[in-house]
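Colleague: What follows is the residue order along each chain.
Number of protein chains: 2
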Amino acid sequence: MKFQFVYTGIRVRDLEQSIRFYTEVLGLRLVKRAEEPVNKGEYALVEDEETGQALELNWYSADSPVAKPYPDQEGEELDHLGFEVADLEATLAYLRERGFAPVLGPNVDGGFAVAYIRDPDGIWVECFQRLTSGQR
Amino acid sequence: MKFQFVYTGIRVRDLEQSIRFYTEVLGLRLVKRAEEPVNKGEYALVEDEETGQALELNWYSADSPVAKPYPDQEGEELDHLGFEVADLEATLAYLRERGFAPVLGPNVDGGFAVAYIRDPDGIWVECFQRLTSGQR
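Residue numbers (my numbering), protein chains in the order written: chain A, 1 to 136; chain P, 1 to 136.
Warning: the hint list may mix true and false statements.
Unchecked claim - Some but not every residue of chain A turned toward chain P, in silico, with C-beta under 8 angstroms: (1) Phe5; (2) Gly9; (3) Arg11; (4) Gly27; (5) Leu28; (6) Asp79; (7) His80; (8) Glu84; (9) Asp109.
These are calculated hints, taken from the structure and not from any lab test. Quantities reported herein were computed from a predicted structural model and do not represent experimental measurements. Cβ atoms here follow ideal geometry from the backbone N, Cα and C, with glycine treated the same way.
Bound-form chain A, shown alone:
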C-alpha cells in the first residue's frame, strides 16, 4: 500500500498573521490559499522551494464543526518545526529585530548550535546551524 507524505498541517489562530510569519520572516513560498466551506475554515499551503518541505496552515471559524479551543500551552504532539540556518548568531539577531527572541538557547548540542523561537501561535521553531560535517 503506497502512501505519499506530502505536508504537515498545523492549526493557526490568525491565517494572515501566520502566512506573514512563514513567508516574510522564514522565507517559505505561499503555494495555495483556499476556503474550506465544509469545515468553515480556510487554509494555506507554504513550502520551502529548495527542500520541498511543505506546511499547511489551517484556520477554522469558531462555529466550525472541527474547531476546538486552542490550548494555552504549546501543543505537545507538535514538538517543533526544524529550520537549518547558515549562521545562528546572525539569524537570532534578525529574528529578535522582528520580535522573535529565543525561548531556549542558543546552545551547542552535538555538532549543532541550536535555538528555539515561538511562532505567532506559540509553536516551537528550531533554528540550527551545522558546526561539523555530521548529518542531522
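Start from chain A and add chain P according to the hints.
Modeller: Frame of chain A, contents of chain P only:
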C-alpha cells in the same frame, strides 16, 4: 536571511511503536535514530523518499527537562499529517486490518475523497485520493 525547512518534529510516547507505524504501516523510511542526552530523550527521523517530506519523532524520558504531560486530547496546533493515496477505499481496508479505522470520513470534499485515522498517539493522519486533476 535564509532558513531551510527540513522537517516537522512531533512528540511521541513510545518511539518503537511510532517508528513501526510510520515505517511499516505508512511506508516512510527510517533515516536516523539517535539518543539525545541533553534532553534525556531519543529521536528518529523518517522520510518519504519520493516527496522528501521528513518527520522527526521525539521521545523524552519522564525526568527530561523538556518533558511535559502529553495531552489526552489531540494537540490542536498539530492539525494533521497529509498522505496522498491512489485508492482511498483500498487504503482504508488496509488500515482497518491493522487496527486503524477511520475517525472521520470517508467523505468527498471538492475534488478529493478524504478520511482520517489516528496514529498511535492520537495524531490525526489524513489520507486523500485525488478524484480530478485539481491541485491540493
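Colleague: Run every hint past the structure and note whether it holds.
Modeller: Now for the hints, and whether the structure bears them out:
1. The criterion of a C-beta within 8 angstroms of any C-beta in chain P is met by A/Phe5, whose closest approach is roughly 4 angstroms, and the hint holds.
2. For the restraint placing A/Gly9 at the interface with chain P, the shortest Cβ-Cβ distance is roughly 4 angstroms, inside the 8 angstroms limit, so the hint holds.
3. The criterion of a C-beta within 8 angstroms of any C-beta in chain P is met by A/Arg11, whose closest approach is roughly 4 angstroms, and the hint holds.
4. Interface restraint check for A/Gly27: the shortest CB-CB distance to chain P comes to about 5 angstroms, inside 8 angstroms, so the restraint holds.
5. Taking 8 angstroms as the C-beta contact cut-off toward chain P, the hint placing A/Leu28 at the interface holds, the least distance being around 6 angstroms.
6. Of the supplied interface hints, the one on A/Asp79 holds, with its beta-carbon coming within about 4 angstroms of a beta-carbon of chain P, less than 8 angstroms.
7. A least Cβ separation of about 5 angstroms between A/His80 and chain P falls short of the 8 angstroms threshold, and the interface hint therefore holds.
8. A hinted interface residue such as A/Glu84 counts as satisfied when its beta carbon comes closer than 8 angstroms to some beta carbon of chain P; here the least separation is about 4 angstroms, so the hint holds.
9. For A/Asp109, the interface hint holds, since its Cβ comes within 8 angstroms of a Cβ in chain P; the closest pair sits about 5 angstroms apart.
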